[in-house]
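Enquirer: Letter by letter, the chains look like this.
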Amino acid sequence: MKIKKIVLYGFGRHENLEIDLHSGMNLLYGPNEAGKTTIQQAVLHILFGFPQKNQQELRYEPKTGGKYGGCLYIADEEFGNWMIERVRGKSSGDVSIRFEDGRSAGEEEMKILLRGYDRQAFEAVFSFSLFQLQGLEKMDEDDLSRTLLASGTTGLDSLWKVEKRVEKEASDLFKKSGRVPPMNQKVTEIKELEQAMLKEQQKLAAYEPLTERQRELTQQVRALREEEQQLHSQADEQMLAMQIVPLQQKERQLTDQLSALPDVHFPAEGIRRYEELAGRQAELAIRKQRLLKEQQQLQTDLVELMPDSERRLLERLTAQEAEWHRMRTDTLSAEQEIRLLETKRQQLKNRLALTDNQLEAMEDLDISIQRERKLEPLIEQQKDAEQQLKALNRMLAEAENEREDAEQRKQQLERQAVTQQELEKLEKWPETKQRLAEAKAMLSVADQQSNGRLVPLFLLVIGLIIGAYSIWQQQWLFAAAGAVCLAAGAWLWKKRPASLEEQQAFIRDNEPLAAEMESLSVRFEGQKREQQQVFTEIEKMERKLGNLVSEMEQLHERKQQAASELKKAVQDDRIDLTFTIQESFRMLRELQDASAEQQTWRQRLQAGKQQLQERMNEVEALLGPVPENAVYERLRQELMNQKELLGKYRSREQTLQKLQSDIQETDALLQTIETEIQTLFDLVEVSEKEQFYRAFQDDQQAQLLKRQLAEIYSQLTLYGDKPLTADWTLPDLERSRGNTAERLTALRNEVTELVDEQVKVGHELTQMGKSGALSELQQLFEVRKTELADLAQQWMVRKAAAEAIRQTMSEWKEHQLPAVLEMANDWFSRLTASRYRTLGLTAEGYFQAVTHSGQSFQINELSQATKEQAYLSLRLALASALSDRAPFPIIMDDPFVHFDNERLSRMIEIIKELEPSHQFLYFTCRSDIEAKWLSDVHKVEIGTKVKGEID
Amino acid sequence: MEAIRFLHTADLHLDSPFKGMAAGPNELARLQQSTFSAFDRFIDYAVKVRPDFIVIVGDLYDGEDRSLRAQIRFQQGMQRLYEKEIPVFITYGNHDHLAGSWTRVSLPANVQTFSEEVEQKQLTIRGEKVFLHGFSYPQRHVTEPMIADYPVASDEGIHIGLLHGSVAGDAEHAVYAPFTVSELQEKNYHYWALGHIHKRQQLAEDPPVVYPGNLQGRHRKEQGIKGFYDVSITRGKTSLNFVRTSDIVFSRLTVSCEGIDYADDWVTRCQETIDRFIAESGNAVVELIMEDTEGLAGDLQRASSEWEWLDILREQYSGIEPFVWITSIDWPAVSNEELPAALLEPVEQTLASWPADEWQGLVKDLYSHRAGRYLESLTANDMEQLKQQTAALLAAELLKER
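Keeping their order, the protein sequence lines are chains A and B. In terms of the working numbering, the first sequence is residues 1 to 951. In terms of the working numbering, the second sequence is residues 952 to 1353.
Which residues of chain B face chain A? A partial, calculated answer using Cβ under 7 Å:
hint, residue
1, 966
2, 971
3, 972
4, 973
5, 979
6, 983
7, 1019
8, 1020
9, 1297
10, 1302
11, 1313
12, 1322
13, 1326
14, 1344
15, 1345
16, 1348
Once the Cα atoms are required to be at most 20 Å apart in a straight line, the calculated SDA-like pairs of lysine to any residue come out as:
hint, chain 1, residue 1, chain 2, residue 2
17, A, 176, B, 1315
18, A, 770, B, 984
19, A, 176, B, 1324
20, B, 1351, A, 120
21, A, 164, B, 1299
22, A, 168, B, 1315
23, A, 770, B, 988
24, A, 813, B, 1297
25, A, 161, B, 1297
26, A, 161, B, 1299
27, B, 1172, B, 984
28, A, 176, B, 1313
Hints listed in this document are in silico derivations from the structure and should not be mistaken for laboratory results. Here the structure is a predicted model, which is why all the values come from computation and not from measurement. For glycine and all other residues, C-beta sits at the position ideal for the given N, C-alpha and C.
Looking at chain A on its own, in the form it has when it is part of the complex (with noise of 0.2 Å):
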């Protein structure tokens, strides 16, 4: 088989590249860069396919995105001349193989008319750079061989590939020591599943004693169900003994009680009829005592009618009323009189200031008008002189004052040169003047009795007010009037008014003279004579006084000579009678009527009085004291009362008559009643109530006895003749119940236990029964157990599978290998010169190379250049041993670099011997090569054509 072109259409930096090659040395050569490698792998390429994308190796694809791919054109002796073309399309590309004759053919095809060849073994025999020379020291016998064979043998690989596979997958099945793998794990779990079908049986082997168990737990039930049976009987009886033995012990108790009882016959309804009785007995009774009280009330309720006599006369004195009233209306009246004319009297004795000596008495005075007379004269005659008296006195005083005033005056105007003239003149006029207002006083007085004291009081507040309305007009001449006005009102004040008629006769002669004197006055005033006018006041002063003075003395003779008489008028009386004999006369005698008026009066209320008290005594002989005005009103009251009491004291009467009767008619049936009660106690033998109602209780208590007697023989007769079989006492009965409910709870604590146990171990025994646990384990066990022999065959068959392969492997090896190395060691040997004799195995199985002298190196202890020759001999051994099944052409990228001319010659020499059965490609950059090869050699130069400058 041999390349006859290769056409390349796109591969790296070459595009549209051919290449015509002859069989035997094709020499390629080209500088460095000029794309030896790439048509190598362009070749391999084609072949093989375009290497995947994600792989190490380059595809190759053209930089410019030009036509990738390219074909080889070949000649094959056994197939004929073919043509291979991979182009661009599926990763690998897609490929076409096309024979001469037209033909084209498949993917299968293409796997025969490779030989069986992938990249791989091809790469290992028929294709080798420097590079993939390097490397052998690393292989052992096995990787050789295998190399050696597997690239030797079509599908030998596949062999091998299948030896590894069913290895791999029987150690996946199964390891010694491992337990992931399926048979490992399913060991186990058939272990696992031992155990658990042991512990099954070892829980089932618990079910004959369990068997055993039921059978005992039901027999001794039966047992205690038995003993129980005959407890609950006993326990019947005893209960039976329990509700009898009471009755017998209540039979003998109440016939005991029954017997001590008194065998009376008590009447029927005794009870009730005694009470009835004695009901209306208590009743009655009651009756009669309230009748009876009723009785002595009304009785003592008669005392308080009076007696008729009383009444009579109580008649009579409220007939009398009247004259009562009368009798009372004239002593009040006298009463009266006598107060009046004391009242009279007093004011008279106040009057006369008598003492109560002088009132006595004034009884005997003689107050006759004979006396009368004979003293008034006298008494007259005194107060004349006295009046007289009084006054000369006044006017002495006055002219003193007056002189006075006019020796201050005259004194004043002598200071003031006041005239002599008008002193004068002025001295008379205020002695008339003095007089003349005197008597206007007097007479005032006189006219005015009620206010004859009013007139100087006028006057006194007319000259006050003219005096203050002078000082503030500064009239000066009103300031002397309003003065002179004072004066006068305190001269009329202190004045008492002598007598009338002189007094108007002073007036009329003195009233023309005040005129005239006031003009004078006036005149005297404007004519400033004033000191003529006190000088002769002083003067008519001093003879005024002197005039005075004797006027006085005469006068207190005139009076002492009549006092003196008077004296002796009345030296007998002892009551002054002298002051005022008229009046004192009259009063005198009106006192002394009054008195004797009284006495009268005072005789009469005797009289009345004595006959009221008479009437008094009267009344109250009658009706106890009575407060005298209230006499009547008590006395008809009285009346009244008596009246209506004797209604009462009537109607009573009837009242009591007929409570008498009652009276009667109630003891008349107590008696009855008694008699009764009496029939009642004889019936029962008794005498007292106490008695009767015991016997009662008695007879209650009996009949009770024997009706619960009858109720007991009932309630005995239910339980049959002789229901009991021995005589219990109740304290026995009580013990032997004790101890069989006792002995029942403890027999049927036991007998639930005992149950509950038969109970568990039937539910046990019945789930043992129906357990298919074992069986299941048993068929899982076998199951697991088929499995694991399934596995253990499918593990046996590819034990059996890869032991067989590799038998039939090794026994190749055995006997190809040696006839390889054998070739191997013939080249090997003359490319060293002989200095190496063989290229050998060890024991151990690694490459060796012996020399010539029997030293034996390790393939790494070899010289680069000797270890690339010892490999290319086995390679081309290889080659040459499988010339027969695998004629591909040997593709060599410059493997001699290292090799020194002797060698190289040698080397060339060997490939010469193989050029008849082998087509070579040798790619080299060394120019000089060609000239080694002796003889032709088919020389192609490349990158001649090519540019760029990528490798």
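Position chain B relative to chain A; hints supplied.
Expert: What follows is chain B alone, placed relative to chain A:
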């Protein structure tokens, strides 16, 4: 004279696990239930027809690890018969021998058990005396021919022999109380009720020497419909009536793949085959044997593993009634035509050249491991099978490589 009627069954193996079944828990439960179902059918039948008596010739249970459940189910069955006053005669076999230390459930009074020595039990049915001869296994193995101990029948009455064992010289089964048919015939019994062999068979006609087979298949090897015999004996004449009890039938079904191109057609074809079978036999556990697979597209065979196809088919029948479980699919060996003979041949030759030792050495790792305890030791048969399987595997694997 009215016929004596009895039921003959053996090898109940109640509640015994199904061997060689790698099914899911639901299917397993269903399978396990089947021995009970079969037993119940047996009892139902007995209660219905009320035979004069019943004989059960050994292997009521599977062994020492018999479940309590099984015993109680058995007891309940016996109780039902007791209520109908049907006597039951039992011999215990190699699987439930008397030496066992298992828990025993007491059985009702109608059940009579033969002791470890050959003995005779007698009962009178409608005036006719019936003699039963038999023994129970005293221990697991009874290899001596017990037949010698069986007495020759007297003229009186009807004689029935109960024997749990295998025919002498039967290579297929282990030797238990071996006998020959002629030995049996020499005893002049009216009926030989045998047990031990699960496959129903009649070894002789006159008198009938009968293995009733078990009530329910428990293994892919115990194929077909299972049941018991309803036997009627009138003087000199015996009639047998087989009564089906098996709840689930084990079967091997052949599916022709002729003309099938696509996977769904294949599934349909398989289903058709199965459906046809279950319509006839009811619940089934089937193995499918593929035939005529040449036309089948290569990738149908290779693209998915055998298991995947199995799963696909199983899915079609999961959770439906009648119950169907597909244990396996058997594919014919792949033709090696496409393979470079030169590659496979040397390997096959290597395989073929292996002696047994080579095989033992190969699996030493496994058998020396504790896993070995749970694996059957390799027989020559196994080795041969392994060889074939290995070759098939290699071929398949190499095909994948191409």
